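A.B. asks: For reference, the chains in residue letters:
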Amino acid sequence: MAKEYLGNLELMVLLSLMRVGDNAYGVPISQEIELRTGRDVALGSVYAALDRLERKGFVTSMLGDPTPERGGRAKRYFQITSKGVREVRDAQRMLTNMWKNLSVLQGEPA
Amino acid sequence: MTTAQPPVVATWLLECFCPDPGLAGDLIEEYARRQSVLWYWKQAFMAVGAYSTSQIREHKWLAIRAIAIGYVIWYIFNATLLRGFVRPWMSPDTTIEQAAYLVLGFSLWVANGWTIAKLHRPYSTAMVFAYVLWSMVASVPPVYSLAVDTFSGSADRASLALEIVKRMVTLLSLMSGGALAAYRDHLKQTRIAGQGWPRESPRAFAAR
Numbered sequence: 001m002a003k004e005y006l007g008n009l010e011l012m013v014l015l016s017l018m019r020v021g022d023n024a025y026g027v028p029i030s031q032e033i034e035l036r037t038g039r040d041v042a043l044g045s046v047y048a049a050l051d052r053l054e055r056k057g058f059v060t061s062m063l064g065d066p067t068p069e070r071g072g073r074a075k076r077y078f079q080i081t082s083k084g085v086r087e088v089r090d091a092q093r094m095l096t097n098m099w100k101n102l103s104v105l106q107g108e109p110a
Numbered sequence: 111m112t113t114a115q116p117p118v119v120a121t122w123l124l125e126c127f128c129p130d131p132g133l134a135g136d137l138i139e140e141y142a143r144r145q146s147v148l149w150y151w152k153q154a155f156m157a158v159g160a161y162s163t164s165q166i167r168e169h170k171w172l173a174i175r176a177i178a179i180g181y182v183i184w185y186i187f188n189a190t191l192l193r194g195f196v197r198p199w200m201s202p203d204t205t206i207e208q209a210a211y212l213v214l215g216f217s218l219w220v221a222n223g224w225t226i227a228k229l230h231r232p233y234s235t236a237m238v239f240a241y242v243l244w245s246m247v248a249s250v251p252p253v254y255s256l257a258v259d260t261f262s263g264s265a266d267r268a269s270l271a272l273e274i275v276k277r278m279v280t281l282l283s284l285m286s287g288g289a290l291a292a293y294r295d296h297l298k299q300t301r302i303a304g305q306g307w308p309r310e311s312p313r314a315f316a317a318r
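Respectively, the protein sequence lines represent chains A and B. The first sequence: position 66 = 66 (this note's numbering), numbered continuously. The second sequence: position 13 = 123 (this note's numbering), numbered continuously.
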């Protein structure tokens, strides 16, 4: 089977999932992305990315207890798997290699 | 524009098209902080679009199957039975007969959406969305041709307007059928929630 690479949003979601740690669900994940990148990401897009990541085996999810302030809806908690951590490391290595020795980014003439 | 409770219709749409209890709960939680009806509607529409598009991309063959099934149902019921047998038999001349014929036609579209949804669980609404997208694309040539005729003067503007309205109602009927089927499934899932749904992910629950 061909290796599946992470998309930009998927990588951001995984990184913010690692930052939030325990009790990571849709709201803190999207807030973390907004705080770190300044991008206002729709919750629906975050969930669609999390759904794809769960299908690829990079995250697992579990439903908590329903709460009245959420209209009786449960929170869906997400956790990164060891496969997901490996994938983030691979992405980091690849991107670092791409960035290395780029004179344009170091302020030198191209 | 603010109210204490988020818009009920937006929440209903969200739960029909994105069968994930976490997403609706998160939006309700965020709505309490932001207090913006416009923000909530925007998020609901974006969630429906993102969720459906993601499902279609993940399940391309299922989407093709949904389009094929929708086309077969349209061909048998709308194109053959309705236009070939019911129309000549009814010969709708009066306004009431014409209205009855239109209602029957749109009911068949609702049934079409319902059937596609029922045959493609747990990705029902996304697959109905795929057929709706295909129908929109298929509508372009006839509407374009009628628009050209209208602007060249060989057809009147009322015919063009009627054609566009009919096609829009057709798409709404399809989506209503899909939403009704998804809502029924959602109610069923809520009923059996005590059997494990609150502790499992929707994916694990659907696989049971």
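The reader is advised that the hints may include incorrect statements.
[To be verified] Derived contacts from chain B toward chain A, CB cut-off under 10 Å, selection only:
hint, residue
1, 115
2, 132
3, 139
4, 142
5, 157
6, 164
7, 168
8, 203
9, 209
10, 212
11, 286
Hints listed in this document are in silico derivations from the structure and should not be mistaken for laboratory results. In this text, all values refer to a predicted model and were calculated from it rather than measured experimentally. Ideal Cβ placement from N, Cα and C applies to all residues, glycine included.
A.B. asks: All hints are to be evaluated individually against the structure, with a verdict given for each.
C.D. replies: Status of the hints after comparison with the structure:
| no. | hint | result |
| --- | --- | --- |
| 1 | 115 | 8 Å, holds |
| 2 | 132 | 3 Å, holds |
| 3 | 139 | 5 Å, holds |
| 4 | 142 | 7 Å, holds |
| 5 | 157 | 3 Å, holds |
| 6 | 164 | 4 Å, holds |
| 7 | 168 | 7 Å, holds |
| 8 | 203 | 48 Å, violated |
| 9 | 209 | 38 Å, violated |
| 10 | 212 | 34 Å, violated |
| 11 | 286 | 21 Å, violated |
The structure shown violates the earlier hints numbered 8, 9, 10, 11.
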